[in-house]
Amino acid sequence: MNGKERIRAMVAGKAVDRLPLMPITMMFAADSIGAPYRRYATDHRVLAEAQLAVAGRYGFDYVSVISDPAREASDLGARIEWFDNQPPAIVESSALLADKSALRTLQLPDPAGSPRMQDRVSGVALLSAQAGDSRIVEGWVEGPCAMAADLRGVNTLMLDFYDDEAFVLDLFEFVVAMEIAFARAQVDAGATLIGIGDAAASLIGPRLYTKFVQPYETKLIAAIRGMGVMVRLHICGNTKKILAGMGQTGAEIVDLDFLATLAEGRAAMGDSQVLLGNIDPVRVLRDGTPESVTAAFEECHRQAGRRYIVGAGCEVTRGTPEENVMAMARFAGSRN
Amino acid sequence: MADWDRLRQAIIGGDAKTAGAVAHEAIAAGEEALPLIQKYMVPAMDEVGRLYECEEYFVPELLLSARAMKAALDPLRPLLAASGAKPAGKVVIGTVKGDLHDIGKNLVASLLEGGGFEVIDLGADVAPQKFIDAVETTGANIVALSALLTVTMPSIKTTIEALKAAGVRDRVKVMVGGAPVTQQFADQVGADAYSESATSAVTAARRLVAAG
Chain A
1 MNGKERIRAM VAGKAVDRLP LMPITMMFAA DSIGAPYRRY ATDHRVLAEA
51 QLAVAGRYGF DYVSVISDPA REASDLGARI EWFDNQPPAI VESSALLADK
101 SALRTLQLPD PAGSPRMQDR VSGVALLSAQ AGDSRIVEGW VEGPCAMAAD
151 LRGVNTLMLD FYDDEAFVLD LFEFVVAMEI AFARAQVDAG ATLIGIGDAA
201 ASLIGPRLYT KFVQPYETKL IAAIRGMGVM VRLHICGNTK KILAGMGQTG
251 AEIVDLDFLA TLAEGRAAMG DSQVLLGNID PVRVLRDGTP ESVTAAFEEC
301 HRQAGRRYIV GAGCEVTRGT PEENVMAMAR FAGSRN
Chain B
1001 MADWDRLRQA IIGGDAKTAG AVAHEAIAAG EEALPLIQKY MVPAMDEVGR
1051 LYECEEYFVP ELLLSARAMK AALDPLRPLL AASGAKPAGK VVIGTVKGDL
1101 HDIGKNLVAS LLEGGGFEVI DLGADVAPQK FIDAVETTGA NIVALSALLT
1151 VTMPSIKTTI EALKAAGVRD RVKVMVGGAP VTQQFADQVG ADAYSESATS
1201 AVTAARRLVA AG
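Here the protein sequences line up with chains A and B, keeping their order.
So in the numbering used here, spot 270 of the first sequence is number 270, and the numbers just go up one at a time.
So in the numbering used here, spot 210 of the second sequence is number 1210, and the numbers just go up one at a time.
Hints in this document: simulated from the structure, not taken from any laboratory.
Note that the Cβ used here is the ideal one computed from N, Cα and C, for glycine as well.
Keep in mind that a hint or two might mislead.
[Unchecked claim] Listed below are several chain A residues computed to face chain B (Cβ distance under 8 Å; list not exhaustive):
#1 Met27
#2 Val91
#3 Glu92
#4 Phe167
#5 Gly205
[Said to hold, decoys possible] Some chain A residues close to chain B (C-beta under 10 Å, calculated; not the full set):
#6 Ser93
#7 Phe161
#8 Gly237
#9 Arg286
Start from the sequences, fold in the hints, and give me the full structure.
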């Protein structure tokens, strides 16, 4: 089996020759080819080179264009702070929608005419051409809560849930329409899976998640699945209280951060949900040893059961020892 | 003192309008600021912290309560200053240089303020010199440093070293926190306390003040 066949088989509930391996790598990948992160995030050729390098070296079953949460916001005109060797950040103090009325005049961007979104689409095309036959090529979009937070400011959005429900719903409608178009462009360029990052969703409780976020995640996921590709839902942070809702969004792969256990994920989402994760990327994967990394994955696999993909709870961080990433890869290679 | 439990309830319920109105009402009735804060407002934010800790409240509810706390505290501040009442401690807080993430820091700042501390919030992406200046101008006794990214954690170390170089490190206790920050890292950089959560940061700050 190649990586593409392996991931597809796992999602389809069929037998696999070994566990699929899909850790998120960004700064770790850039560092592996000696590229400053700013170049990784702004030049799809650098990103593709780094993704192919880590996928080849460690046997990852996929390559991904995930880089930072600021691509869509940047193209919409949000103020971005750039750094030479770390991800760009959206400047919340001058959020694009600090004034709510600005939403009424905000135009949906065309990915083809938007520099940072187009760079990601080009990254998908390049990876698809170079590795699409044997590996899954993952496109990436922001989830509704994360994208709304990127535009409005996360602190303000948290209060908006109580202060102005109608505005939140209008904002979510806008961002989901934008992300469907962005996903479509990446699928057209060759993406065979779309990852959705919705980190801000872990800041809210189950009531707000069910009322506001889950319906829009579900809508986005249904639209992407309608394009004929798989969806991976990743929510950074503590998702314990929203696990059941995450399992009802329709995402084929639910990628859990380490703060909720895979046992909790399995209990909340049932036996058929493919779970991905979820060792602590800092305290275990970066700071541990090959032995402790292997032991942590043994436990993950035990909790998740058969429908399981190996990965860390979140991004493999910069400075993670190579032998620990190798231990993760060896674990995936030794189980099915 | 009359019963102003409505103030406590308004803060717990995140109702800023009512919290502010009750505070004004209490002032008009001749109440002193410090007892109002100690009897109703600090317990309210302690309860909010507890609800957050046991995952009945989440970030939106905590921020609503923090806003209500501020609405009540604003009209009380001049009275507090006039009475010469001392806060539980003075905390200079900020997210370190290179890191623009501030929601975790904001939660800690809100709970510290709710816990009776005077909080000087320097915001996000704060250069070491700004921490030094703030310590010197405010006489703060605690510096709280936050980082969300593994790549910005070294800025915590840089900031602590800058405090040392400027000769102010011995005057303050340093607390550190943020998603990737660990006790081990806190020990390595010579911090006085590490907190895993916003609520435990308040406990840690109280402990540092008590220890002198």
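Check each numbered hint from earlier against the structure, then list the numbers of those it violates in ascending order.
-> Structure breaks hint 4 only.
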